[in-house]
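Residue strings, one per chain:
Protein chains: 2
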Amino acid sequence: MSNNTRNVPKATLQRYPVYLKALRQLKKQGLERILSDELSKHVQIKSTTIRRDLSFLGTLGKQGYGYSIDKLIDVFNEKLGTEFDEKIILIGAGNLGSALMHYNRWNYVVGEISCAFDVDPNKLQMKYDVPVYPMDELEERIPKGCRIAILTASSNVQKTVDRLAACGIKGIVDFTHEHIQVPEGVNIKQVDVVSAIQELVFETNEMNV
Amino acid sequence: MSNNTRNVPKATLQRYPVYLKALRQLKKQGLERILSDELSKHVQIKSTTIRRDLSFLGTLGKQGYGYSIDKLIDVFNEKLGTEFDEKIILIGAGNLGSALMHYNRWNYVVGEISCAFDVDPNKLQMKYDVPVYPMDELEERIPKGCRIAILTASSNVQKTVDRLAACGIKGIVDFTHEHIQVPEGVNIKQVDVVSAIQELVFETNEMNV
DNA sequence: ATAATTCTGTTGAATAATTCACAACGTATG
DNA sequence: CATACGTTGTGAATTATTCAACAGAATTAT
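Residue numbers (my numbering), protein chains in the order written: chain A, -9 to 199; chain B, -9 to 199.
Accuracy of the hints is not assured; some may be wrong.
A pair holds if it fits inside one copy or across any two, identical chains being indistinguishable in the list.
[As the list claims (entries may be wrong)] With a Cα cut of at most 25 angstroms, we get these calculated DMTMM-like pairs of lysine to aspartate or glutamate:
#	residue 1	residue 2
1	K17	D152
2	K134	D152
3	K52	D119
4	K0	D43
5	K0	E22
6	K149	E174
7	K149	E28
8	K52	D64
9	K36	E193
10	K18	E168
11	K61	E168
12	K179	E193
13	K18	E68
14	K134	E102
15	K36	D182
16	K160	E193
17	K69	D126
18	K179	D108
19	K179	E102
20	K179	E168
21	K31	D152
Honestly, the hints are just simulated from the structure, not real lab data.
Kindly produce the complete structure, drawing on both the sequences and the hints.
Dropping the structure here:
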């Protein structure tokens, strides 16, 4: 009933990207509406949890009909601010960084990589339409209003994080294998194969006890 | 007090990799012991939560002294089965796959990539000491006892997942942007920049309401 | 139209996770 | 060896999350 997005539980917030991804896929398949029960089968989350999660964003479904997929996607964009215009910077233009610049196909999804930075002078060339600047020039080249950085460089990690925070970065997607600390108010998401594998191994072993 | 790892809460299981990573870093810095309060500052998790989490693995700390870092790391390895010998396969030898084969430095951490598979005949060459086989040969080439697969290929994703499950894969680290469904008993971990960015954007916006 | 059906939104109960508070124990000190 | 101190491990209390059950709104069928 509330019209803003205050007080959305953390657990719910973490499920939104899952819904959004599934919805985009369903739309691509030509579907126009979906029931919470059907969506449940796709994302393996109980339908009642889905309905509750969505209810935080407004009264979106219709009884006896379900949800309009387009409407849901729109609401995610409007209310949660994924308005395609997020400016993202990339730190590190190595193998992984290149892969990310390459599938810069999150155009129309969250935003796009505005520019990249690297310490290696050999890597300072435009790649897949993304300019690569020297790491030294971070403070002057960083786009106005940029909040999100993707960190793939693995030297001087902690120092780099501190510089990013000083530049006003509010969220860091961290691909490094280091453990790093962030100042208050900065959010970090690990995107780490090793940790992911560990979690899988832990959970797989648990299941066999 | 329990000597096995039964009934470890899911939330706890997800924090273990965080602890492990921080502990390895502290060890590298030459530290030998740590208090739950100190560790708390590093990982931003309340010390009381840390103590409870660790207590599921046995009685590891000493009152008035803290925890031995070496001992903790050993316990994670022993009790949770990260015994360095996990055989991992990689599906897709493109940019991202190459990056993963390159920092195959999870030797001594979880295991190693035994081999990779790709549909593209041009990519079927040994890369960073990892052999790359044709996708067709998955069923015959997959190592015995292999439980974990890393999925970076982005064509025929769902079909590939089904084949992996049929081969006995129990955990999939998923780098694709697709939404995929897994059969009962198979665990999946998304390692997705886009979803990570979305979560960051969602949470960053939340904080400013 | 009207009635039957379907599926949402939400209440309240059950379960899970976190945090508090402190007794018990190991260490350090004299 | 005894005493003081500091930190763990853990019941009990609190908070967060999930889940079941159902009233009621919108659709569909007649």
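Consistency of the hints with the structure:
Taking the shortest alpha-carbon separations for K17 and D152, only the inter-copy value of 22 angstroms comes in at or below 25 angstroms, while the best intra-copy value is 41 angstroms. In this assembly of identical chains, the alpha carbons of K134 and D152 lie at most 25 angstroms apart only when taken from the same copy (18 angstroms versus 45 angstroms across copies). For a Cα distance limit of 25 angstroms, the shortest separation of K52 from D119 qualifies neither inside one copy, at 44 angstroms, nor across copies, at 56 angstroms. In this homomeric assembly, K0 and D43 come within 25 angstroms of each other (Cα to Cα) both inside a single copy, at 11 angstroms, and across copies, at 20 angstroms.
Taking CA atoms no more than 25 angstroms apart as the test, K0 paired with E22 passes in neither setting, with 29 angstroms inside one copy and 35 angstroms between copies. Taking identical chains as interchangeable, the C-alpha atoms of K149 and E174 lie at most 25 angstroms apart only when both belong to the same chain, with a minimum of 16 angstroms there against 44 angstroms between chains. With identical chains, the CA atoms of K149 and E28 are at most 25 angstroms apart between copies only, with a shortest distance of 21 angstroms across copies and 47 angstroms within one. For the identical chains of this complex, K52 and D64 are intra-copy neighbours only, at 16 angstroms inside a copy versus 54 angstroms across copies, given an alpha-carbon limit of 25 angstroms.
Proximity of K36 to E193 under the C-alpha cut-off of 25 angstroms is found in both arrangements, the shortest distances being 20 angstroms within a copy and 23 angstroms between copies. Proximity of K18 and E168 under a CA criterion of 25 angstroms is satisfied inter-copy only: 11 angstroms between copies versus 38 angstroms inside one chain copy. With identical chains, the CA atoms of K61 and E168 are at most 25 angstroms apart between copies only, with a shortest distance of 21 angstroms across copies and 40 angstroms within one. For a Cα distance limit of 25 angstroms, the shortest separation of K179 from E193 qualifies both inside one copy, at 20 angstroms, and across copies, at 11 angstroms.
In this homomeric assembly, K18 and E68 come within 25 angstroms of each other (Cα to Cα) only inside a single copy, at 20 angstroms, whereas the closest approach across copies is 45 angstroms. When the C-alpha separation of K134 and E102 is checked against a cutoff of 25 angstroms, the pair qualifies only within one copy, where the shortest distance is 14 angstroms, while the shortest distance between copies is 42 angstroms. Taking CA atoms no more than 25 angstroms apart as the test, K36 paired with D182 passes between copies only; the shortest distance there is 23 angstroms, against 27 angstroms inside one copy. Only between protomers do K160 and E193 lie at most 25 angstroms apart by alpha-carbon distance; the minimum there is 10 angstroms, versus 31 angstroms within a single protomer.
Proximity of K69 and D126 under a CA criterion of 25 angstroms is satisfied in neither setting, with 36 angstroms inside one chain copy and 45 angstroms between copies. In this assembly of identical chains, K179 and D108 lie within 25 angstroms of each other by CA distance solely inside one copy; the values are 21 angstroms within and 29 angstroms between copies. For the homomeric pair K179 and E102, the shortest alpha-carbon distances inside one copy (18 angstroms) and between copies (24 angstroms) are both at most 25 angstroms. Taking identical chains as interchangeable, the C-alpha atoms of K179 and E168 lie at most 25 angstroms apart whether they share a chain (13 angstroms) or sit on different chains (20 angstroms).
Taking the shortest Cα distances, K31 and D152 sit within 25 angstroms of each other only across copies (16 angstroms), while inside one copy they are farther apart (43 angstroms).
Violated hints, in rising order: 3, 5, 17; the structure is consistent with all others.
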